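Colleague: As a plain string of letters, each chain reads:
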Amino acid sequence: MKQLRIVGQSVKRRDGMGHVTGQTQYVDDITYPHMLWLRMVRSPIARGKVRTLDTSCAEAYPGVAAVVTWRDVPNNWYTILGLIGVGPNDEPVLAHEQVMWKGEPIAAVVAETEEIARAAAALVRVDIDELPPVRDVFEALAPGAPIIKEWGTNTFMYEGMPMRRVRFGNVDEAFAAADHIVEGTYQTTPYEHVPLETQTCVVKPEPDGRLTIHSNTQALYFTLDNTAIILNVPSNRLRMIGGTVGGGFGGKVDVVAEPVTAIASMKTGRPVKWRWTRAEEFQASSTAGAWRMEYKDGIKKDGHIIARKVRALHDAGAYHRHSPYGVTKHAANLQGPYYIPNVWVDAYCVYTNRQPASALRGFGVTPASFAVEVQMDKIARTIGMDPWEIRFVNAYRNGQMKAIQKQVEDATLVETLQAAAKLIGHPLPEKLLAMHSNDWKGA
Amino acid sequence: MATEAMFIPESPEAALDLLSEHGRELLILGGGTAAMVLINEGAISPRLVMSLQRAGLNEVRAVDGHLEIGATASLARVAQLSALPLLADAARHIGGWAIRNMATLAGNLFVPPPAGDAAVALLALDAEVIAARKSGTRKLPLTKFFKGRAQTALGPDELVTRIDVPRPSGAAVFLKLGRRRMNTPAVVTAAVRVVRDGQGICVDARIALGAAGEYPLRATQAEAVLQGRKLDTPSITDAAAMAMQAAHPSSDALASEWYRRKMVGVCVRRALEAITR
Amino acid sequence: MAKVLGRGIAALHYPTGMNLGGDPTQALIYAQPTGGFVVKLASTDLGQGLKTVVGQIAAEALSVPLDSVIVDTGDTDNAPHCMGTFASRATHRAGNAVIMAANEAKEALLQVAAQELEASPHDLVMADGEIWVRGSPARKTTVFDVALAAHFKYGKTISGRGMFLKPKSPIDPDTGACDPDSTEAHVTTVANVEVDTETGEVKVLKLSSAYEVGRQVNPKMLEGQIVGGAVMGTGIALMESCFPSYPALEPHPASFNDYVMMTAADVPQIESVVLEYPSVDGPYGVKGVGEMTANSPLPAIVNAIYDAVGVWITELPVTPERLLRALEAQEPK
Amino acid sequence: MQTVSFKLNGKPVAAVVGPVESLRDALREKLHVYSVKAGCGQGGCGSCTVLVSGDPIVSCLMPARVAEGLEIITLEGIGTPAQLHPLQQAFYDNFAAQCGFCTAGMITVAKALLDRNAHPTREEIVEALAGNLCRCTGYLPIISAVQDAATRMNRGG
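Residue numbers (my numbering), protein chains in the order written: chain A, 1 to 443; chain B, 444 to 720; chain C, 721 to 1053; chain D, 1054 to 1210.
A few of these clues could be false.
To be verified - No farther apart than 25 Å at their CA atoms in a straight line, the calculated lysine to aspartate or glutamate pairs in the DMTMM-like style are these:
#1 K1083/D with E112/A
#2 K587/B with D600/B
#3 K309/A with E996/C
#4 K926/C with D1201/D
#5 K12/A with E1180/D
#6 K1064/D with E1129/D
#7 K1083/D with E130/A
#8 K723/C with D681/B
#9 K926/C with E996/C
Unchecked claim - Listing some non-contacts, in silico: residues in chain D with all C-beta distances to chain A over 10 Å:
#10 T1056
#11 S1058
#12 K1064
#13 P1065
#14 L1084
#15 D1108
#16 D1146
#17 D1168
#18 R1175
#19 E1177
#20 Q1200
#21 N1207
Bear in mind the hints are in silico, worked out from the structure with no lab data behind them.
Note that the structure is predicted; figures quoted are calculated from it, not measured.
Note that the Cβ used here is the ideal one computed from N, Cα and C, for glycine as well.
All chains, please: the whole structure from these sequences, using the hints.
Modeller: In structure tokens:
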């Protein structure tokens, strides 16, 4: 490889001077004359049937320009998976006949100031017949559980199956041949992205009939295409401007601010800003979902893991968002950076009446890495092997096959183990120091 | 409904006039660090609001061996009070720097657990609350001030104008257990003050607890257990156990009742042990 | 005995990119009349520094000085498609697209330069904004002059189109066989912790990591991802939860008082080394690291806790309460 | 609505504000001071920190009317691209800003700290910054930047 001149240099950030002088323009710093503010009315309960929705008092409140409900949404589906051919759609942009989680958006109040929008939002009346919520994966999968999805199960259906499967080798035979069986159950709970900048969107109607949408989305075209489908307009009617984001961490891949703000702008003919409150960011934006992971590993005396069987249950919350893909990504990565010749995975994307989960830094892989690596230490302690050595012994090498039947080609785990040991001054035996990621000679 | 008016009285008398006129309809802001959160979120929408920031209630002065602290003295200022290290320590553990610059000492009496650390220290210091109304003022011990979660003994036309703290005797320690090292609400706080005689025998003790009940409280039976004894492992263990019995904490996002009760024991023991060192 | 020390390790991989419906990103590059180059991307910079590293990659590929590259991101009327900034894909995908566009633009530039220098484009050498004939350094011109000539003398555009596509890989529903990503970065992290056995509190003293990232585009900004990720991961391991009493739906934190996250006062000592084994298909060998930096603290801390006190905490976050309950349930040794 | 007047970055200004409109909103919406960020409205993140008579406060929790007659300093008053404060230069040089959303609050608090204490210890820096949250940097580059700025200022830079 030729000598690189600029790649590899710690040049200063292009946006650094704007940041340190407070002059970087974020979406919330954009304002237009006669701009309106949007405030969302959300479901106060986790599950129920909407009996009546009465917006008349809010509409009559001085300074209110409009109240947007499901009736105003041309195509009332969040289509983020539908856009790429994964279905069925399951989440309305604004709730209509039912609410599925505490925080589900129902009606958007659009007013001259944020304070008026806030005050008027309190006047929207929603009567909901409460139903018992499904709270976690066990409740969702229990016999007789209320079925909360139109298609008749509480799981996402992967090509007709209620789970994402991985089948590699033969785990039953391998368990029979194993010297040790180590089992472990792991659980994570939901957490938030917490960007310092909440989701914010400013929509301005242009004289030529287009809409300019200022957004802090992480994915401009993805948001544009989804918004166009929801608005039922050609994509070329919309212009997305963004690219300066006050932290994302996966939370700004949801298309949850732009469609409603755009509809509010179309309905009023005026620029509209929607800046999520911090409470909304915590309670109504997607989270990293909870995972329940049940592991059974078969190990030989020499430390080689020869079989892994996993049942993983993802609490996706009330709707898909990106979770069905997160489960696939989870299933594809839970052999970790190791070679395991026999792998059996059933990973379920399960729906509950909880704030929806979606992508968050490490999507699907964070819980897998957590479970895999604690499991590695458990195995080491069980069979009496050093936690370093067990990782060297099992680390995948270039040329080996992963459980998803893809050949390993950029392996460097062994090298990071050696470098980490050196960094902390932990002496490694010669046989481990002699290992490298290209030392696999073939089956 | 949107707020109609904000009053910023420039004297205690003007504040009391407004209070007498509007009573409970008037939301009182000390530094605003609690109420403005609710206003910004739309959780409350008071018709009338009064800020005490200019009411001349922030004076701090030493009088006849005790300290008179104006109601709106900021926690940042309280954190600098070298005469009252226990209270200063409690104040220093509240919020971040900016919050301490805004929040007031009297305001801290009105925020329910797991906030309200300053009140815990004030309980251990035998503080008295000066409550004023148009017709006059009264003095009530802090132990009589709290009536329930976010409920006080104040009448609708009464205002806390000052907090009086006697010069403390004995040795005192403030301990706070949070979920992070700084800028954290309490899992549990303990403010402990012990007066010992020349032989090391406890002649008087105060054990005050935060986030251990509906409001900051004193574990009087734990205090009594120390009476007449040396501070040693048996007496400290007994006091910690009594303090756990006195605690009736709540569960919230930070900790459960079970955990808080346990930590009352740990904090009281550690605070008393710190006094012996 | 209240404070006990422990050390734990974790060794992780992280895949670059995603494959739900194909994973494309495009870039356009064109020269301005005076030799500045504009890179047009619809990718977004979330703060990780995409604009900066893309500028570095473009300047490298174009053989021009860094300050002659303008990076324009974030407007769908002004730039071609990008799937988005997620899945540790942005530097890898956008970087590849930018190199491809830069190569095409550079080729166009060298065509014009060849005319100006009366030489074959294959004989030209270009560096730091200058172009000369190999072996004859005197026969020399500049990007400035060539761009000017292209615009006003030859009527040629100096531009390039770049596209990186990881095509959609169908997943075999029976076996899960698929090709979902492009490359893997790796890390080994060692966590040193101190456990308070009376309160269940865990203090992370130090996180030491060895990262292998393919290629560092900007070492200080990579360090920013490493440190930022380590702190976020520590918070996720020990503090953060939207439903602290999960599966109960309440409490449901709505503020920074209820949702506990790391402040400057909670940050452990962090040290790291970086290895570079260039990836097969990354721009200059880059692998994606944005996400994995937050992952390794979780198991490393849990393993360190076991090392300290002999209990496995298999439910996150490891709140003091969760650990204390586990310690109380521990079989007396 | 009522008019509030105060000194902003050394210049007298006035704005028409609602009874409980926050100083943050008055600065942003009425006076177009956009370094003051709306991060939470709960006083929990520090992104809206400004100096009032030299003391850092979270402007989301101060009613704008309370600022009558006071002296307010925002990041715009601490330094500009043409005339950077040493803290700004140090934040830039130390990569202490990633997304940049918390940066104004961080520099503002750090300015108040260095105004009082030219030689802060690491612990004193951490204590000053503990009310300001950052999700990107892991804080260490920010702490380094404050130390770096203190060194530069003590050298008379």
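Colleague: Evaluate each hint against the coordinates.
Modeller: Here is what the structure says about each hint:
Our distance criterion of 25 Å between C-alpha atoms is met by K1083/D and E112/A, whose separation comes to about 14 Å. As the CA atoms of K587/B and D600/B are separated by approximately 18 Å, the hinted pair is consistent with the 25 Å bound. A threshold of 25 Å between alpha carbons decides the hint, and for K309/A with E996/C the separation of about 33 Å lies outside it, so the pair is violated. Between K926/C and D1201/D, the direct Cα distance comes to roughly 23 Å. Compliance with the 25 Å bound is thereby established for this hinted pair.
A threshold of 25 Å between alpha carbons decides the hint, and for K12/A with E1180/D the separation of about 28 Å lies outside it, so the pair is violated. Pair hint K1064/D plus E1129/D holds up; C-alpha atoms about 12 Å apart against a cutoff of 25 Å. Under the criterion of a C-alpha separation no larger than 25 Å, the hint pairing K1083/D with E130/A is inconsistent with the structure, at around 43 Å. The hinted pair formed by K723/C and D681/B meets the criterion: a straight-line CA distance of about 23 Å does not exceed 25 Å.
This hinted pair checks out: K926/C and E996/C have alpha carbons roughly 24 Å apart, not beyond 25 Å. With a minimum CB-CB distance of about 17 Å to chain A, T1056/D clears the 10 Å threshold, and the non-interface call stands. Chain A leaves S1058/D outside its interface by the beta-carbon criterion, the shortest separation being 21 Å against a cut-off of 10 Å. Residue placement check: K1064/D keeps its beta carbon more than 10 Å from all beta carbons of chain A (closest about 17 Å).
Even its closest Cβ contact with chain A, about 21 Å, leaves P1065/D beyond 10 Å, as expected for a residue assigned away from the interface. For L1084/D, the requirement that its beta carbon stay farther than 10 Å from each beta carbon of chain A is met, with the minimum near 12 Å. Remark: the non-interface label on D1108/D is consistent with the geometry, its nearest Cβ contact in chain A lying 19 Å away (cut-off 10 Å). For D1146/D, the requirement that its beta carbon stay farther than 10 Å from each beta carbon of chain A is not met, with the minimum near 7 Å.
For D1168/D, the condition that its CB be more than 10 Å from all CB atoms of chain A holds, with the nearest at approximately 18 Å. Once the 10 Å rule is applied to beta carbons, R1175/D is consistent with being away from chain A; the minimum gap is 21 Å. The claim that E1177/D is not at the interface with chain A holds, since no C-beta of that chain comes within 10 Å of its own (minimum 22 Å). Every beta carbon of chain A lies more than 10 Å from that of Q1200/D, the smallest distance being close to 16 Å; the non-interface claim holds.
Remark: the non-interface label on N1207/D is consistent with the geometry, its nearest Cβ contact in chain A lying 20 Å away (cut-off 10 Å).
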